[in-house]
Structure formats: C-alpha cells, structure tokens
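Q: Chains as they are written, first to last, in this note's numbering: chain A, 1 to 269; chain B, 270 to 538.
If you're looking for bench data, these hints aren't it; they were derived computationally from the structure.
Just to be clear, a hint being listed does not mean it is correct.
Simulated crosslink set (DSBU-like; lysine-lysine; CA at most 35 Å straight-line) [what the hints assert, rightly or not]: (1) K167/A - K439/B; (2) K525/B - K170/A; (3) K439/B - K126/A; (4) K395/B - K439/B; (5) K256/A - K439/B; (6) K126/A - K170/A; (7) K436/B - K256/A; (8) K395/B - K256/A.
Covered by chain B, per the in silico footprint, the following chain A stretches (three or more residues, Cβ under 8 Å) [claimed, not checked]: (9) 92-103; (10) 244-258.
Predicted model, so just to flag it, every value in this text is computed and none were measured.
Backbone N, C-alpha and C fix where the C-beta goes; we use that ideal spot for every residue, glycine too.
There are 2 protein chains.
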Amino acid sequence: MCAPLVMETVARSLSRRAFLASGLGAFSGVALAQARVPGKAFSRAADLTHELSPEIPLFPGAEPMRITTLVTVRQNGYYGNRLDLWEHSGTHMDAPAHFVEGAPTAERLPVASLIAPLAIIRIREKAARDPDAQVTAEDILAYERAYGRLPRGAFVAMDSGWEARWKDPKAFLNQDASGILHFPGFSPEAAEFLVREREIVGVGVDTLSLDFGPSRDFRAHVTLLGAGKYGLENLAGLAQVPPSGALIFVGGPKHKGASGGPVRAVAVW
Amino acid sequence: MCAPLVMETVARSLSRRAFLASGLGAFSGVALAQARVPGKAFSRAADLTHELSPEIPLFPGAEPMRITTLVTVRQNGYYGNRLDLWEHSGTHMDAPAHFVEGAPTAERLPVASLIAPLAIIRIREKAARDPDAQVTAEDILAYERAYGRLPRGAFVAMDSGWEARWKDPKAFLNQDASGILHFPGFSPEAAEFLVREREIVGVGVDTLSLDFGPSRDFRAHVTLLGAGKYGLENLAGLAQVPPSGALIFVGGPKHKGASGGPVRAVAVW
Numbered sequence: 001m002c003a004p005l006v007m008e009t010v011a012r013s014l015s016r017r018a019f020l021a022s023g024l025g026a027f028s029g030v031a032l033a034q035a036r037v038p039g040k041a042f043s044r045a046a047d048l049t050h051e052l053s054p055e056i057p058l059f060p061g062a063e064p065m066r067i068t069t070l071v072t073v074r075q076n077g078y079y080g081n082r083l084d085l086w087e088h089s090g091t092h093m094d095a096p097a098h099f100v101e102g103a104p105t106a107e108r109l110p111v112a113s114l115i116a117p118l119a120i121i122r123i124r125e126k127a128a129r130d131p132d133a134q135v136t137a138e139d140i141l142a143y144e145r146a147y148g149r150l151p152r153g154a155f156v157a158m159d160s161g162w163e164a165r166w167k168d169p170k171a172f173l174n175q176d177a178s179g180i181l182h183f184p185g186f187s188p189e190a191a192e193f194l195v196r197e198r199e200i201v202g203v204g205v206d207t208l209s210l211d212f213g214p215s216r217d218f219r220a221h222v223t224l225l226g227a228g229k230y231g232l233e234n235l236a237g238l239a240q241v242p243p244s245g246a247l248i249f250v251g252g253p254k255h256k257g258a259s260g261g262p263v264r265a266v267a268v269w
Numbered sequence: 270m271c272a273p274l275v276m277e278t279v280a281r282s283l284s285r286r287a288f289l290a291s292g293l294g295a296f297s298g299v300a301l302a303q304a305r306v307p308g309k310a311f312s313r314a315a316d317l318t319h320e321l322s323p324e325i326p327l328f329p330g331a332e333p334m335r336i337t338t339l340v341t342v343r344q345n346g347y348y349g350n351r352l353d354l355w356e357h358s359g360t361h362m363d364a365p366a367h368f369v370e371g372a373p374t375a376e377r378l379p380v381a382s383l384i385a386p387l388a389i390i391r392i393r394e395k396a397a398r399d400p401d402a403q404v405t406a407e408d409i410l411a412y413e414r415a416y417g418r419l420p421r422g423a424f425v426a427m428d429s430g431w432e433a434r435w436k437d438p439k440a441f442l443n444q445d446a447s448g449i450l451h452f453p454g455f456s457p458e459a460a461e462f463l464v465r466e467r468e469i470v471g472v473g474v475d476t477l478s479l480d481f482g483p484s485r486d487f488r489a490h491v492t493l494l495g496a497g498k499y500g501l502e503n504l505a506g507l508a509q510v511p512p513s514g515a516l517i518f519v520g521g522p523k524h525k526g527a528s529g530g531p532v533r534a535v536a537v538w
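The whole structure should be built from the sequences, with the hints applied where relevant.
A: Structure, rendered in structure tokens:
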C-alpha cells in the first residue's frame, strides 16, 4: 500500500564536529536513522527517561524498587528478573485517576494522546536563584511570544535544570529542617491557564512533582488531572531538545487500573 | 529555532464512514491529531500493546504479576499501587542479555533503535492451517517482492493472527498432552537471514515467543539476540497497521540490568 521506507543513517556518518559546524548542533540529541518517506522524516532523538533503580530519588514515604534476579544465563541458560515497585518511581506518569476518583487510569488514555508536539518552557535561571520557582502563566505567554501559540494537543514540559541533582537524592528532594521539600513545579494558575485557555494532553516536569516542593494542596495536580490531562515527573534530557518543533512519544504504562507507572519517554525532531 | 507545530485534529472530525469512503480505511488505527510540520506528518496510530494484568497468558513456569493497591483517593487523597512482576510479562521486550551473557541489557539499547520502520509479515493463512507455522526466509523475500527491500534499521513483526487467542490463556499457549507448546514464530533460518543479509534493529511476534512453540533450542532467539537485536513478544493490534510505511515506537524498559520488561509499543503512519 505504501512505498517502502528508504533509511539512511545520514547523521551517524557525520562527525560531531561536522554536525556542530552545520549549525544544527544547538540541541544535540542522538542521531536517528533518517526516514526518507515524505511526511515522516526526523533525524534526531533524545531519551527523556532516567534509569530506574533502587538508588533513585523517591517522594518521601515511597519504598525503593526491588530487582530480584531469578535466573542467569550461566546457571539456567537465560537471564531474567522479578521487579517490585511503587507505580510512581523514576520517570513516570500520573494518570488522572491518581488524584481523581473515577477518572481515567493510565492504560485507558487514548493512544493518540501519547504522541504530542512537545513545548519546553525553560525556567533554569529563576530556578537557579530560587528552588521554589514556579512556571507561571506569564512564562507560558512569553514562550508563545517566542515560538507561537501552544499547538493543539501539545505536551508542555518544564525544564528547570533540576535534573542535575538526580544522582544525589538528598539534593533532588531538597528538604529543609522542618521536612518541607523545595524544588520547582507548575503554579496552580499556570495549570488553570493550560486547562482553560489551551488544548493540551499533559504536562511534564524534571522534578519529583507537577506542584512545586512546598505545595500542601497539590493544586496544579488536581487542576490538571481533574481536567483529564496526564503528568510526567522526573523527566530527563530536556536540555538536548529544541523548545519547539519536537514530538514527544510517551511509552506509558498499560497495566490494569494504573494510577500511573514508569514510562519510556523519547523526543524526536 | 523551529517553526511551531500547527496541529489539527483533522481525522477526529471525520466520521468513520467518511474515513472509510476516503479509501484510507483498509488499515484502521486511531485518528491522530495531525502534525502539519513538513517532515513530521502522520495521521494514524495503533496501540500494539496488550493490557497487562494477573490474568494474561504467561510462559509456563512464570508467576503472574501482582497489583497491590496501597492508597486510594477516598482514604488517602490519592490512588496508587505496588507492582510485582516477572520481566517477561505481557507485551514485552527480550534484550540481547536475556540469552547472551555480557550482551546489552534493555536500558542500554541505543534510543535510536526504539524508533524504526515497521515491516509486518502476515502468515495468517498458514498459521490457521498449522499452529506450528514459522516465518521463513521465503516469506521475507515474498514480502520484499510486494513492498520493496526491508529498510535499513527496520523492525520486522510477524502477524500470525494468534492475538485472537489472547483472552484464553490455554488456547494462547496451546499445550499438547505431553506439555509441548504449539504456536507460530520465526524460523531459525529466517532469523539467520535477517541477521546476515539485512540490517534490522529487532523482531516481534504476536505469540509468546520469537521461536515457534515446539522449539527446544530457542535458536531464533539465540541468533537474533546474539547479534544484538531485540525481540518483542505478545504484540497486539498488528492487523490495523499497513504492512509497510508505518513507524514503530518501542517504549522499552529503562530499569537497571533489564533482561527485558513490559513495553508500550505504538505504530504511527
């Protein structure tokens, strides 16, 4: 029915220096075998997913995952593990049902909502000054002045630079003496703006929570999930991706009754 | 840097009848908000992933997954579960390390290998006659005569129609009186052909195993994984997707030391 794809690993054959010299190097990504079919060409990919392990930062109270090796190639001829984990571990999804009774669980989200234009709102400077920085509606409007209106069906991600703390769980949680967390997130009014004024599929952060650390009422969560949007937390690699023009693919959980779960998220552009 | 995406849910606004009448309806999929950026347009998506639950078919000897609800919206203000599962459950990946010591684990596969042109080889007729049917090198060559040579970096999937048995685990395993399994898979010589004569990233099946049921030596597995390719087992929904011209996105596992694990696989075209 369709013409076959003709694939060429064009980008792979370019040296890093040649690539940078070409002017395409501002956002790096990984060279992708380039599909030459009209309408399906993109040449770069970036993994937006942290490695999941028992050592990663978790929201206070959550138990670390366990990985138990059941068989090995040497002893059994094949290798495999049993996994035991809290759904909200690592780079993961919050489905609407995580906060709202009767709302969709992750496995029931429309598959079309898992492939979306990716809009990245960078608040690295203000987050470096203030760990309690929030994405505001004004940040979103400033983004739109630079890159155009958020496309219909967009996935909106906050890049606060917090990823740099991932390997140091204490710094990632950033709890003060009274146990209050301090890290960036979406403000409730930005969540309200996205839900009322734009048509998005979901929102992502490079921190532990859609709401900023000190939040007590999780109002960004409630607003977004209550409107049927999904969230992604602990995103990685956003710095590699251009703020506009990429697509995100969200390899979301498909288990029964999922309040969420680990995802594999990848950007292509 | 890039122009913003202009999204329109064109396909959504078409009725099913209008869509079929348009001549695009031979492969159905789900209407996707259509990205209008030159080079990134596709309009349909299909979920290639079964729902994961304690009730699904498993290879003999594997223990079913457990889903334990730890908190609920009513009692705790939010809902979440603990998951406990064997890596090779449901629609899942076999990483090269599943059969080959020292070979790459799933989280180390290059992200570019997770986005691939999807070639679907249908053997429904012969599988209906013979549950031990295998994809042969000749089946692959016949596919190429119809659709052109397998593109570089392709993911090659067998559509044997076996998915129809998914909801009936006994029929899906299809064990005979002496315990031997009977279901379709890739023949060792087809695996050899793909590894030596073509450049593929991986191979998928709509059955429990890359090798057909009666296999004792798992030679298709050993050949493919030994060459660094990955496998996907228990794929769903292949009938909806055109045999050539689609892309597969493999939301593969990212946990440490993964021999494999559940994936979210989606086709777009």
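Q: So, for every hint listed, does it hold in this structure?
A: Comparing the hints with the structure gives:
Among the hinted pairs, K167/A with K439/B is inconsistent with the structure: their alpha-carbon atoms are about 45 Å apart, more than 35 Å. Only pairs whose Cα atoms come within 35 Å are accepted, and K525/B paired with K170/A is accepted, the gap being roughly 21 Å. Annotation: proposed proximity of K439/B to K126/A is violated, straight-line Cα distance about 58 Å (limit 35 Å). Restraint check: the Cα-Cα separation between K395/B and K439/B comes to about 21 Å, which is no more than 35 Å; the hinted pair holds.
A distance of roughly 21 Å separates the Cα atoms of K256/A and K439/B; the hinted pair therefore holds under the 35 Å criterion. Distance hint between K126/A and K170/A is fulfilled; the C-alpha atoms sit about 21 Å from each other, no more than 35 Å. Restraint check for K436/B and K256/A: the C-alpha separation of about 14 Å stays at or below 35 Å, so the hint holds. A C-alpha spacing of about 33 Å is found between K395/B and K256/A, which places the hinted pair at or below 35 Å, so the restraint holds.
Given a C-beta distance limit of less than 8 Å, the hint that chain B covers the segment 92-103 of chain A holds, as 5 residues qualify and 3 suffice. For the segment 244-258 of chain A, the proposed coverage by chain B is satisfied: 14 residues have a C-beta within less than 8 Å of a C-beta in that chain, meeting the threshold of three.
Going down the numbered hints, you'll see the structure goes against 1, 3, while the others check out.
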